[in-house]
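Chain residues, written in single-letter form:
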Amino acid sequence: MYSEKVMDHFQHPRNVGEIPDADGVGVEGNARCGDIMKIWIKVEDGRIVDVKFKTFGCAAAVATSSMITELVKGKTLDEAEAITNKSVAEALDGLPPIKMHCSNLAADALKNAIADYRAKKLQSV
Amino acid sequence: MYSEKVMDHFQHPRNVGEIPDADGVGVEGNARCGDIMKIWIKVEDGRIVDVKFKTFGCAAAVATSSMITELVKGKTLDEAEAITNKSVAEALDGLPPIKMHCSNLAADALKNAIADYRAKKLQSV
Amino acid sequence: MNAVYLDHAATTPVREEVIEAMLPYFKDKFGNASSVYSFGREARKALDQARQTVAEVLNADFNEIVFTGGGSEADNLAIKGAAWEYRNKGRHLITSSIEHHAVLHPMQQLEREGFEVTYLPVDDQGLISVEELANAIREDTILVSIMHANNEIGVIEPIAQIGAITKERGVLFHTDAVQTVGVMDIDVKKLNVDLLSMSAHKFYGPKGVGALYVRKGVRLIPLIHGGSHESRRRAGTENVAGIVGLAKALELADAERSVVVPRIQRLRDRLIDGLLQIPHTRLNGSRTERLPNNVSVSIEFIEGESLLLNLDLKGIAASSGSACTSGSLDPSHVLMALGLTHEVAHGSLRLSLGRENTDAEIDYVLETLPPIVERLREMSPLFSS
Amino acid sequence: MNAVYLDHAATTPVREEVIEAMLPYFKDKFGNASSVYSFGREARKALDQARQTVAEVLNADFNEIVFTGGGSEADNLAIKGAAWEYRNKGRHLITSSIEHHAVLHPMQQLEREGFEVTYLPVDDQGLISVEELANAIREDTILVSIMHANNEIGVIEPIAQIGAITKERGVLFHTDAVQTVGVMDIDVKKLNVDLLSMSAHKFYGPKGVGALYVRKGVRLIPLIHGGSHESRRRAGTENVAGIVGLAKALELADAERSVVVPRIQRLRDRLIDGLLQIPHTRLNGSRTERLPNNVSVSIEFIEGESLLLNLDLKGIAASSGSACTSGSLDPSHVLMALGLTHEVAHGSLRLSLGRENTDAEIDYVLETLPPIVERLREMSPLFSS
Ligand SMILES: Cc1ncc(COP(=O)(O)O)c(C=O)c1O
Ligand SMILES: Cc1ncc(COP(=O)(O)O)c(C=O)c1O
Chain A
28 MYSEKVMDHF QHPRNVGEIP DADGVGVEGN ARCGDIMKIW IKVEDGRIVD
78 VKFKTFGCAA AVATSSMITE LVKGKTLDEA EAITNKSVAE ALDGLPPIKM
128 HCSNLAADAL KNAIADYRAK KLQSV
Chain B
28 MYSEKVMDHF QHPRNVGEIP DADGVGVEGN ARCGDIMKIW IKVEDGRIVD
78 VKFKTFGCAA AVATSSMITE LVKGKTLDEA EAITNKSVAE ALDGLPPIKM
128 HCSNLAADAL KNAIADYRAK KLQSV
Chain C
128 MNAVYLDHAA TTPVREEVIE AMLPYFKDKF GNASSVYSFG REARKALDQA
178 RQTVAEVLNA DFNEIVFTGG GSEADNLAIK GAAWEYRNKG RHLITSSIEH
228 HAVLHPMQQL EREGFEVTYL PVDDQGLISV EELANAIRED TILVSIMHAN
278 NEIGVIEPIA QIGAITKERG VLFHTDAVQT VGVMDIDVKK LNVDLLSMSA
328 HKFYGPKGVG ALYVRKGVRL IPLIHGGSHE SRRRAGTENV AGIVGLAKAL
378 ELADAERSVV VPRIQRLRDR LIDGLLQIPH TRLNGSRTER LPNNVSVSIE
428 FIEGESLLLN LDLKGIAASS GSACTSGSLD PSHVLMALGL THEVAHGSLR
478 LSLGRENTDA EIDYVLETLP PIVERLREMS PLFSS
Chain D
128 MNAVYLDHAA TTPVREEVIE AMLPYFKDKF GNASSVYSFG REARKALDQA
178 RQTVAEVLNA DFNEIVFTGG GSEADNLAIK GAAWEYRNKG RHLITSSIEH
228 HAVLHPMQQL EREGFEVTYL PVDDQGLISV EELANAIRED TILVSIMHAN
278 NEIGVIEPIA QIGAITKERG VLFHTDAVQT VGVMDIDVKK LNVDLLSMSA
328 HKFYGPKGVG ALYVRKGVRL IPLIHGGSHE SRRRAGTENV AGIVGLAKAL
378 ELADAERSVV VPRIQRLRDR LIDGLLQIPH TRLNGSRTER LPNNVSVSIE
428 FIEGESLLLN LDLKGIAASS GSACTSGSLD PSHVLMALGL THEVAHGSLR
478 LSLGRENTDA EIDYVLETLP PIVERLREMS PLFSS
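Protein chains in written order, with my numbering: chain A, 28 to 152; chain B, 28 to 152; chain C, 128 to 512; chain D, 128 to 512.
It should be emphasised that the hints constitute simulated quantities derived from the structure, not laboratory data. Source: prediction; values computed, not measured. In this text, a Cβ means the ideal position worked out from N, Cα and C, and glycines have one as well. Warning: the hint list may mix true and false statements.
[Claimed, not checked] With the Cβ distance kept under 10 Å, some of the chain C side facing chain B (calculated, not the full set):
hint: 1; residue: V244
hint: 2; residue: L247
hint: 3; residue: S355
hint: 4; residue: F428
hint: 5; residue: P458
hint: 6; residue: E470
hint: 7; residue: S507
hint: 8; residue: P508
[Unchecked claim] Within a straight-line C-alpha distance of at most 35 Å, the following computed DSBU-like cross-link-like pairs (lysine-lysine) qualify:
hint: 9; chain 1: B; residue 1: K100; chain 2: C; residue 2: K156
hint: 10; chain 1: C; residue 1: K441; chain 2: B; residue 2: K79
hint: 11; chain 1: A; residue 1: K32; chain 2: D; residue 2: K441
hint: 12; chain 1: D; residue 1: K216; chain 2: C; residue 2: K154
hint: 13; chain 1: C; residue 1: K154; chain 2: B; residue 2: K113
hint: 14; chain 1: D; residue 1: K216; chain 2: C; residue 2: K172
hint: 15; chain 1: B; residue 1: K113; chain 2: D; residue 2: K343
hint: 16; chain 1: A; residue 1: K102; chain 2: A; residue 2: K113
hint: 17; chain 1: D; residue 1: K441; chain 2: B; residue 2: K113
hint: 18; chain 1: A; residue 1: K32; chain 2: C; residue 2: K441
hint: 19; chain 1: D; residue 1: K216; chain 2: C; residue 2: K216
hint: 20; chain 1: D; residue 1: K216; chain 2: B; residue 2: K32
hint: 21; chain 1: B; residue 1: K32; chain 2: D; residue 2: K154
hint: 22; chain 1: D; residue 1: K156; chain 2: B; residue 2: K32
hint: 23; chain 1: C; residue 1: K156; chain 2: D; residue 2: K154
hint: 24; chain 1: D; residue 1: K216; chain 2: C; residue 2: K156
hint: 25; chain 1: C; residue 1: K343; chain 2: D; residue 2: K156
hint: 26; chain 1: C; residue 1: K172; chain 2: A; residue 2: K113
hint: 27; chain 1: C; residue 1: K156; chain 2: A; residue 2: K32
hint: 28; chain 1: D; residue 1: K156; chain 2: C; residue 2: K156
hint: 29; chain 1: D; residue 1: K154; chain 2: C; residue 2: K172
hint: 30; chain 1: A; residue 1: K147; chain 2: A; residue 2: K102
hint: 31; chain 1: D; residue 1: K172; chain 2: C; residue 2: K441
hint: 32; chain 1: A; residue 1: K100; chain 2: A; residue 2: K69
hint: 33; chain 1: C; residue 1: K441; chain 2: D; residue 2: K294
hint: 34; chain 1: C; residue 1: K154; chain 2: D; residue 2: K156
hint: 35; chain 1: A; residue 1: K32; chain 2: C; residue 2: K154
hint: 36; chain 1: D; residue 1: K343; chain 2: C; residue 2: K156
hint: 37; chain 1: B; residue 1: K147; chain 2: B; residue 2: K69
hint: 38; chain 1: D; residue 1: K316; chain 2: D; residue 2: K216
hint: 39; chain 1: A; residue 1: K32; chain 2: C; residue 2: K216
hint: 40; chain 1: D; residue 1: K172; chain 2: B; residue 2: K32
Input sequences plus hints: build the corresponding full structure.
Printed below as a string of structure tokens:
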């Protein structure tokens, strides 16, 4: 049912954890659907230099979370924001149709983290 | 589905045929149900001395026809009239329930033959 | 002579290759096709493969195949499912007077529920008039159901022509193809049908499994509600072994048809010609628009069950009309629809051929049958020689 | 360690003895059970024998057993068949909120057709209140359907007590015994039920065949109309091999129950005790009123599918609630009915044991599972250690 890439990221998720002094934190999902993702980013010179996640959810949720952390590391915020849930799924060689909707929310969580970073920065100005 | 006795009478029906100068002839059944029996009797001194039948019908119809001819040979008319469809079925070690209604009409055919004999006798008096 | 089986229209033995294909799904690959773990994944794969095979043979799409618990269930799902679903569009249904009970009885049930049903007659050859059918379609007609070939008399109805009309008139069209799938080449697009039923045990597959083709866009209210199996059209843990068996049997029949069917048809013709030598005997149904494996004759002055039992005692398995009606005492509604009298209808005999029948067997039947007929006629009060 | 199968509540492998019993009916004794000749007579005999066996195990009569195409069909036939038949007596039905979809979805269909359904709640142990049920019965109640044991949490409902009430009140009573037949001793008289469903593949029989007990005098409108099979309650050429398999499997289960079940129950208790050692873990459903083969736990802060897949990678087949709901994204309606929150319901795990499970397998599960849970919790934003 899942692609090899999904299974690889599910079994060996990259960048699991928290960043205690993160510059931005984003959450997406809800317990009703059974998928919640939280993402922490560290930003330097407009670039994401570190990223970590924690996810409660199915294999698709874990794999998309893991995949997005790989995709964004080193990217500028604008580049990172351009990533969509669809492009994450594609990077994983696709997801089962039933999983496209609920469990594919890593890009949204990331956007929330970037928004959080920007809001904090605005406040600190 | 059929008892051994039924199968025996079906495979080797006794007294098949017609009696050209019969004293009484009886018919019972109809083509709709698929069972028609015709019976010829020869009567002497109030006793049935010969009997023959022809039957269009299923194994049960053939076997009951054959059985009744065996049962009545030598019997007085009163004795013969006392034979019921049920007793014919019993003499055959029973019939399948679905066959009890339509295909078990030998006793009725015999009654008709006896009535025919009596009517003819009345006329000839 | 060993037993001669000539009742393939009633049921067929499961082919060795089909049993082989089914066996792994009883024990080793027994998982639930709906589960996520590996056990279930093998069953899921087999199910998908079977659905794909059936779809390809019928020239249909993967999602257009619904597996059922047999031909009767497929007929019921098509007819009641469509009638219930589209009842607000209209309440008129059309069928023929020679359908199998698995079509007629759902129709009668729908009548009890307030639907109106037109039962079209057939001519003395057993054929539906396409013109009469076109005239019977009304504003409120929602479904037409006409069988592809009749199970008793083997007559093949003009399904493609009927389908062209129903398509033009925007009416759903179901065909009960239980007797033709595996025997004839079936293309649902060419037949212009929206719904088509089949039953595995008629083409050397297992009993208790069938399929319904449901054209994309046609909705049905299920007979069996529950889990989301079969795209919510038929709930219940899938009979994986049975479905694999159905697909395997269909695949084999399809691959071998061009070789097997002409051989069977030749045997059929020998049988028909031989039987018609018996005096007072007639073929039931069209000689040309006829299943390649069906022989149905009326043998006057004798009764069918007696004939069957006598044949059985000689090792020949045949049928006197539909297997399903053998519990009943009324003569077959199909033979009556041809205009036969009761007596003649009672004297009908169906011999239906299959892939394992041989010329020697036909010889045996043609030797064995006439003396039995003669003996029964001598015993019959209806016959005067 | 070889694969460890702990999903017997979803389906079971067909036993070798059952396959052996079925095989002759595919090829040698393949005749149609409704035909008059010898071919069919063997099939008829096998069918009669199977019906007799099932009747005896349930303490029912021969004619009270109707074979179906599975458990879902049996449930649908019981519920819709009775509701349609007795609709003029009343239109109110009672069931529970933890029924299988094969009961809930027919109920919902009947609601669309104008019936009214009361869904009784369960307490935090998963148990129906007999008193509440008695109070829910109205003048126009025609049918109560309460499952014998729940497929997800294994809770056994007080069927005999409920049956005593429905009997007194003159209301029909159906129980879905799909999870208990083969595992528990079933006596339809002692259970006071009018209708009882079972499914062969839950007790080491084949998929695609089930049975419905129908107490004498109870009438049903069939789901599948057609031939006069099953005393006109379910049309279609009988799945002789499948029915023989069902009966054989039931006979074996019944004969071995007193030896096999206590062994399974001991394994179950080891498993429950071991799993409850994991912090933030609770047993779903009553510990005492529980199927001897069911373990259902909620493991907080983690999600079921991830857990299942990780177990699968270690060779352990389990389930996260009903197999049928695995295609859905909503947490199980059964766990929600117990009062669990969404998060906790998502973290449920069902391990259901069978006759081939061993102590070594339980050891393996109890070794394998805790580190997976730990790893998933470390990854979970809901968990703070
Ligand atoms: C309690 C219960 N009822 C009904 C069913 C349906 O049975 P089947 O899938 O054989 O149709 C199942 C299993 O799927 C079940 O566990
Ligand atoms: C034309 C036709 N339709 C439907 C059926 C019903 O199929 P099944 O008995 O497999 O349910 C049959 C055979 O019995 C048939 O010949």
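Verification of the supplied hints:
no.	hint	verdict
1	V244	25 Å, violated
2	L247	24 Å, violated
3	S355	43 Å, violated
4	F428	7 Å, holds
5	P458	7 Å, holds
6	E470	4 Å, holds
7	S507	5 Å, holds
8	P508	4 Å, holds
9	K100/B <-> K156/C	68 Å, violated
10	K441/C <-> K79/B	27 Å, holds
11	K32/A <-> K441/D	19 Å, holds
12	K216/D <-> K154/C	47 Å, violated
13	K154/C <-> K113/B	52 Å, violated
14	K216/D <-> K172/C	47 Å, violated
15	K113/B <-> K343/D	27 Å, holds
16	K102/A <-> K113/A	18 Å, holds
17	K441/D <-> K113/B	71 Å, violated
18	K32/A <-> K441/C	67 Å, violated
19	K216/D <-> K216/C	29 Å, holds
20	K216/D <-> K32/B	49 Å, violated
21	K32/B <-> K154/D	31 Å, holds
22	K156/D <-> K32/B	26 Å, holds
23	K156/C <-> K154/D	22 Å, holds
24	K216/D <-> K156/C	47 Å, violated
25	K343/C <-> K156/D	39 Å, violated
26	K172/C <-> K113/A	26 Å, holds
27	K156/C <-> K32/A	26 Å, holds
28	K156/D <-> K156/C	26 Å, holds
29	K154/D <-> K172/C	27 Å, holds
30	K147/A <-> K102/A	20 Å, holds
31	K172/D <-> K441/C	21 Å, holds
32	K100/A <-> K69/A	10 Å, holds
33	K441/C <-> K294/D	54 Å, violated
34	K154/C <-> K156/D	22 Å, holds
35	K32/A <-> K154/C	31 Å, holds
36	K343/D <-> K156/C	39 Å, violated
37	K147/B <-> K69/B	13 Å, holds
38	K316/D <-> K216/D	25 Å, holds
39	K32/A <-> K216/C	49 Å, violated
40	K172/D <-> K32/B	20 Å, holds
Checked against the numbered hints above, the structure violates hints 1, 2, 3, 9, 12, 13, 14, 17, 18, 20, 24, 25, 33, 36 and 39; every other hint is satisfied.
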